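Peer 1: With chain A's structure known, arrange chain B on it following the hints.
So the protein sequences, as listed, match chains A and B. Add 60 to a position in the first sequence, counting from 1, and you land on the number used in the numbering used here. Add 60 to a position in the second sequence, counting from 1, and you land on the number used in the numbering used here.
Each pair may be met inside one copy or between any two copies, as identical chains are not told apart.
Computed cross-link-like contacts, EDC-like style, restricted to lysine to aspartate or glutamate with a CA-CA straight-line distance of at most 20 Å:
#1 K93 x D510
#2 K163 x E202
#3 K93 x D309
#4 K541 x E477
#5 K550 x D479
It should be emphasised that the hints constitute simulated quantities derived from the structure, not laboratory data. These numbers come from a predicted model, not from an experiment.
One letter stands for each residue in the lines below.
Protein chains: 2
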Amino acid sequence: MKTAFKVKCVDLSTAGVRVVVLNREDARDLDLKAMDRVELSTDGRQPVTCIVDLTDTFVPPGIVGLFKEAYTRGGLSDRDQVYITPKGKPTSLRYIKEKMAGKPHTEEEINGIIHDLMNEELSDVELTGWISSIYIRGLEKEETIALTKAIVASGTTLDLREKRVFDKHCIGGVAGNRTTMIVVPIIAAAGLTCPKTSSRAITSPAGTADTMEVLAPVNLNKDDIEEVVNKIGACIVWGGAVNLAAADDKLIRIRHPLSLDPRGMLLASIMAKKKAVGATDVIIDIPVGVGAKIKSPDEATILAKQFNALGASLGMNIHSLLTNGDHPIGLAVGPTIEARETLRILNGENVSPELIEKSVQLAGVLLEIGEKAAQGQGREMALNLIRSGKAGEKFRKMIEQQGGDGSIKVESIPIGEYDHTVVAQREGRIEQVNNRGISAVVRNAGAPRDKVAGMYLHVEEGDRVKKGQPLFTVYAKSERKIEQALEAYKQHEPIKFARIILQTLD
Amino acid sequence: MKTAFKVKCVDLSTAGVRVVVLNREDARDLDLKAMDRVELSTDGRQPVTCIVDLTDTFVPPGIVGLFKEAYTRGGLSDRDQVYITPKGKPTSLRYIKEKMAGKPHTEEEINGIIHDLMNEELSDVELTGWISSIYIRGLEKEETIALTKAIVASGTTLDLREKRVFDKHCIGGVAGNRTTMIVVPIIAAAGLTCPKTSSRAITSPAGTADTMEVLAPVNLNKDDIEEVVNKIGACIVWGGAVNLAAADDKLIRIRHPLSLDPRGMLLASIMAKKKAVGATDVIIDIPVGVGAKIKSPDEATILAKQFNALGASLGMNIHSLLTNGDHPIGLAVGPTIEARETLRILNGENVSPELIEKSVQLAGVLLEIGEKAAQGQGREMALNLIRSGKAGEKFRKMIEQQGGDGSIKVESIPIGEYDHTVVAQREGRIEQVNNRGISAVVRNAGAPRDKVAGMYLHVEEGDRVKKGQPLFTVYAKSERKIEQALEAYKQHEPIKFARIILQTLD
Chain A
61 MKTAFKVKCV DLSTAGVRVV VLNREDARDL DLKAMDRVEL STDGRQPVTC
111 IVDLTDTFVP PGIVGLFKEA YTRGGLSDRD QVYITPKGKP TSLRYIKEKM
161 AGKPHTEEEI NGIIHDLMNE ELSDVELTGW ISSIYIRGLE KEETIALTKA
211 IVASGTTLDL REKRVFDKHC IGGVAGNRTT MIVVPIIAAA GLTCPKTSSR
261 AITSPAGTAD TMEVLAPVNL NKDDIEEVVN KIGACIVWGG AVNLAAADDK
311 LIRIRHPLSL DPRGMLLASI MAKKKAVGAT DVIIDIPVGV GAKIKSPDEA
361 TILAKQFNAL GASLGMNIHS LLTNGDHPIG LAVGPTIEAR ETLRILNGEN
411 VSPELIEKSV QLAGVLLEIG EKAAQGQGRE MALNLIRSGK AGEKFRKMIE
461 QQGGDGSIKV ESIPIGEYDH TVVAQREGRI EQVNNRGISA VVRNAGAPRD
511 KVAGMYLHVE EGDRVKKGQP LFTVYAKSER KIEQALEAYK QHEPIKFARI
561 ILQTLD
Chain B
61 MKTAFKVKCV DLSTAGVRVV VLNREDARDL DLKAMDRVEL STDGRQPVTC
111 IVDLTDTFVP PGIVGLFKEA YTRGGLSDRD QVYITPKGKP TSLRYIKEKM
161 AGKPHTEEEI NGIIHDLMNE ELSDVELTGW ISSIYIRGLE KEETIALTKA
211 IVASGTTLDL REKRVFDKHC IGGVAGNRTT MIVVPIIAAA GLTCPKTSSR
261 AITSPAGTAD TMEVLAPVNL NKDDIEEVVN KIGACIVWGG AVNLAAADDK
311 LIRIRHPLSL DPRGMLLASI MAKKKAVGAT DVIIDIPVGV GAKIKSPDEA
361 TILAKQFNAL GASLGMNIHS LLTNGDHPIG LAVGPTIEAR ETLRILNGEN
411 VSPELIEKSV QLAGVLLEIG EKAAQGQGRE MALNLIRSGK AGEKFRKMIE
461 QQGGDGSIKV ESIPIGEYDH TVVAQREGRI EQVNNRGISA VVRNAGAPRD
511 KVAGMYLHVE EGDRVKKGQP LFTVYAKSER KIEQALEAYK QHEPIKFARI
561 ILQTLD
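Chain A with its partners taken away, still in its complex shape:
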């Protein structure tokens, strides 16, 4: 039953499925309830599926409210005529109900759900039902493989000249852990191909993409990336600008409100992004520690094995590495500060020794896998590639090729105009530098949006400091943001001294 309505445009966007607003009386006539589906059609255009929202007053009977996605796509304006036809539920909803009942998905079912997700045929509420059931029922290995493949197929894939492609991934959670920008130039200098896509900050003060963007554009599309990598062997770009593993972003959005992180979906999400760039050899950095995402070595070992097995099923060679995730790795935190630190390291300066050490160890593993270094010689080769200036030279070529200034000097990169240095109030030993607390301070200083906001740590865990000795300097673009950062420092106390008097007994 096709019913004619006049359009009222609502200048509002909705993520996911398109929404139409109907008067409750019309909905009753059409036997429609809130969150039901309808087909919205116009004379001569492709019909689209929409989800019904109900109102008593926003539109009167006979008028349908269309959200931006619906009216722009149809080229519609106020008072245009459209037709609404009640529509049944998509088959994928049946698969979701079956998964709830405990039946593992077939590959075809997973493809169907991801297809409907991409075509905006499933509402947030329906997708939450799906992700909840995966969270509760789990995904078997075959389902995880199928999900990974479906996510890969949902987006674009890179087509590179070299068929052996190297990649690294860190599951995150450690501040200042900017190894990517050092590892990639090292292995590229040795001749390995590495089309690195990175994320922007989500909960941290800087993502690799935010930091690289201080030096060069990172919003490269598929063609740009292929051109840069075919020419230079490597790039560091923002994954969000190129439509790789497109379904993954939609799933992450739905997983957020209930913090649903079903293991199989997490694995599929990461591996799909690697598969989509054509990676054949991947190292996965799994930081383990109190402040990190993975708290215990046992937990990390299980995860590592799952990565390796899933990779093997997808024809990829995966090396999972458990790393120390207790405290920040670098001394620099914030996009600009980290970009400057990276350039310094690749210029051969001996700053942030822990960051250098972790980077050369990771790069070393890749050099050995890629048969550029003999077994056990990778770390040494990586260090030499930095010291010889070859890694730095490669990095400047990458910057140049991505559209930045390859000859940029560290000192010419502006950092926050305002700064404040916090000094030790007493003598003592630094017992802990807490990741989350450092992140909070730097975010309050304005990062990641203010690229110039950041922090330089002058001490590391275990250091013995004197009263009055600088602990860190925070940078921001206004006095107010400096104050805000110091407020966060007081609240989070990320730098903890070892206590001397542990308890007083009366």
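Peer 2: Same frame as chain A, now just chain B:
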């Protein structure tokens, strides 16, 4: 961190939790993602919790879009100043995650979730996570009891003079099954108290509330209901006008898109409504059959036992009755046609014999439970209460007391001005009269919104008919709706003849 914004009012309502629309840049600064919570505050008013929606263009940075619920409650208009403060997740979200992980809810947790549901602290997506996990994990008996109590406590409860209160409930799905309007006057005529709340049509062409409304107002509030019942002993009103078991409506809305009907929630929903009116003795009519909700007697028996056990835990005396649900019970379908049929039956006319028989059997059970009839004598007593005119007299008093015209004549109740009678195209036996098909025809004639739309069936299953003999007459308020109904008749073929030639073999 409290940030000032200027208001932009969005003349649009959202069911459930209030929504605020923020520009993506502001959201990034405040570390907010779509579907996060914020506190919306104004100078001097109680802050409210809202859920964040993001936009690139609808509002610029510094402006917050408020949906109707948010701006009317705060008495806000365009360009007013408000404050947005990121807010953590409510504790009830933790309970939901624990239920997902398989931990049964405590009573306190269920109370917490229902409290947050009623205060619009939980979004649709979060509630879907909860209902999905209940669907998968199930509810233990103790959880179901706690949920029922929490739903009762979420709304108002009736306070009647009589402490022994009788009620009936039908789990639905059978067309023309208007027993309530016959059973209630019968038992009230015998002196039993029955404050009957009914629903409007959801998928059927008429709910009991829609049918009763033809004769009397049904939108009575708590005080009205108490007055009518204390005076007359009974009423038949729309449950939606009185705030009984308020949480239930909200849960039903969320369960709809995925058709999630966790058994425990279904039981709690029904029993809470009975408990809220103060019912002590309840019969549950469970129609069983191909066209009904419950397909097999085994399934119905399990459900019946669950009703009885839950009732006992809540201090109620429950009698579940398995009834024949294969085909329509009455011959009249549609609000006005059913209202006229009810009056005729209570006037003592021998119409719709199956409906009369089912009504007196159900009423008989209640009369025996209420000790008005000796064991085995209930049906006979019920029939006598109709024949003597006492049930009819009581019904007219109920109509009068609810604000209708108690002296109304059947013939003076207008039915659809247009009608059409469909006749048999050949001689044969009626093999099936299908519930769903009949509903579809009558809804297409305009019911339940057009109260005058409906159908009168001239045949029942098993009848032998001659060519040209009337099968049914459909009524509507326009020629177009008659055509629409006949179209639906062709499509659904609800009246099926027994086939003569079953197969042709060549």
